[in-house]
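J.: Below, each chain spelled out in residue letters.
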Amino acid sequence: MAEILARTVEATRRYGAVTALDRVSLDIRAGELVGLLGPNGAGKSTLVNLFAGLRRPTSGTVELLGGSPQDPVRRRGIGVTPQETGLPPALRVGECVDFVAAHFPEAVSREALLERFGLGDLVRRQIGGLSGGQKRRLAVALAFVGNPRLVFLDEPTTGLDVEARHALWDAIRDFHAGGGTVVLTSHYLEEIEALAERVVVIGEGRVLTDDTMDAVRGLVGVRRVTLTGPGLPDLPGVLGVEHEGSRTHLLTADADALVRELVLAGVPFSGLEIRPTSLEEAFLTITTREPQTA
Amino acid sequence: MSLVLTHARYQFLETVRVPMSVIGSSVFPALSMLFFVVPFAGKDAVAATYATGAMLVFAVMSACLFTYGIGVAEDRAQPWDPYLRTLPAGPLPRFTGRILTVMAIMGIAVVPVLLIAAFLTEATVTPAQLLLGLAAVLLGSIPFTLMGLFIGYALPSKAAIVVAQVVFFPMAVGGGLLTGPPENAPEFIQVIAPYLPTRGAVELVWAASTDFSPNAVSLVALVVWVAVFGALSVWAYRRDEGRRFS
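These protein sequence lines map, in sequence, to chains Y and D. When the letters of the first sequence are read in order and numbered with full-length UniProt numbering, they come out as residues 1 to 294. When the letters of the second sequence are read in order and numbered with full-length UniProt numbering, they come out as residues 1 to 246.
Chain Y with its partners taken away, still in its complex shape (with noise of 0.2 Å):
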């Protein structure tokens, strides 16, 4: 099994009479791209911040890089987003990463890295008069200034055009490609199913479900059935029916089933598709089912 660099251990954080994390334990090893799934207020933040060091366990242990999290040489491996709402407005561009820079021994070469974020004509920029989308890639280049082995990316292409968004995705698979290993937060689905490899959901501050992407789209076992046809007549084995202008869905455990049930009724109906059902609705299914009494 690969080195681990993070962990935690039955760590829980309240504050409190809210208990943001209960009994949490993970595992975070070399070169993994993990998806941290939830609704907000699940505890995906709480968690980070944990392994930041920006807060301690209430209870349970927290490691990083085989230390403490406070310890800030421990620290040097890894990077964080900043929220690009708060990044100084009064710095250029290079000056800002040259400041982060300054706090690792082993920082990357501003022109690189700022290239590599689409950045590269705005070194002499004030933060201030950038546009959204330019601060938030700003933001996630900060979490590689420190050619870190770990990052943790919170929601980094909110708020980006989708070609902003497939460039900033790239980069993001050519640090893993490279090696290193990638904690990524959001609760925007198709991010998380274009990188993660792995995903663990989190609600109400439990893990629900750490199991590969495959795993967890399967997880449901659901397919969806899409057609146009009027007057469907009801059918066995549909688990639910969504309607989308002329289009049905129909989501069924057994779709070959369900397409010989429909031959068989005589309706007419064109335009046949079977998918596997979208993260987002294995994560639907995950995050509203009863908790699990322990």
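Hints are computed from structural coordinates only; laboratory data are not their basis. Take the hints with a grain of salt, since some may be wrong.
Which chain D residues face chain Y? A few, computed with CB under 8 Å, are given here [stated by the list, open to error]:
no.	residue
1	PHE12
2	ARG85
3	PHE245
If you want the footprint, here are the derived chain Y segments under chain D, 3+ residues with CB under 8 Å [as the list claims (entries may be wrong)]:
no.	segment
4	68-75
5	100-106
Just so it is clear, CB atoms sit at the ideal spot from N, CA and C, and this is done for glycine as well.
Position chain D against the provided structure of chain Y, taking the given hints into account.
T.: Below, chain D without anything else, positioned relative to chain Y:
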């Protein structure tokens, strides 16, 4: 050490790129020099020297209360602050960097006061008195530094702006900074001044730059203010840290 300088450098850049904050700290004392000191005390060498000392304390007090009080409170409200805590450095570089930044701003704030005193009034000091006087100004800025840190760590930024302004004015007037040599001040100011930190600070400056001999009550009061606001600012810092980062 180099990280301290890095933090100081970028904080200074951030501050001077929003010039109003620096101008605010230096214009107010400079205008007070022009409006109150030059016309009323400018011709009298002794009175002008006392008044200049008072304006220097005025300048550093305003730099401290506003730059620390408002600056710290605003930074606390920004998500940049927690991000910096994820970088591999303890809180020391940022904290020390901030102190160096405010010292630089104090330096900028006292220059116009000194220039006006030198060219438009009869105020005189020897080079040694000037240096001693500036050292006294720095020493006298300690209670206001602590007061500013307390305001910044204890309050949200909108409240910090108001409180800094409310504190600033009675400190200046009550400590006799706007009324020249101590015996010229109205009677009620003569009564309360020794108990305010502004008076203790300005007495240090006067003692360093004239033949004034400081009043024991003022100096004891100054030490008490430093102790009280030292304790309060440590308390506010810990409370804030505990709330946001524990």
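J.: Hint by hint, say whether it matches the structure.
T.: The hints, checked one at a time:
1. PHE12: violated (11 Å)
2. ARG85: holds (6 Å)
3. PHE245: holds (6 Å)
4. 68-75: holds (count 4)
5. 100-106: holds (count 4)
Of the hints listed earlier, the one the structure fails to meet is number 1.
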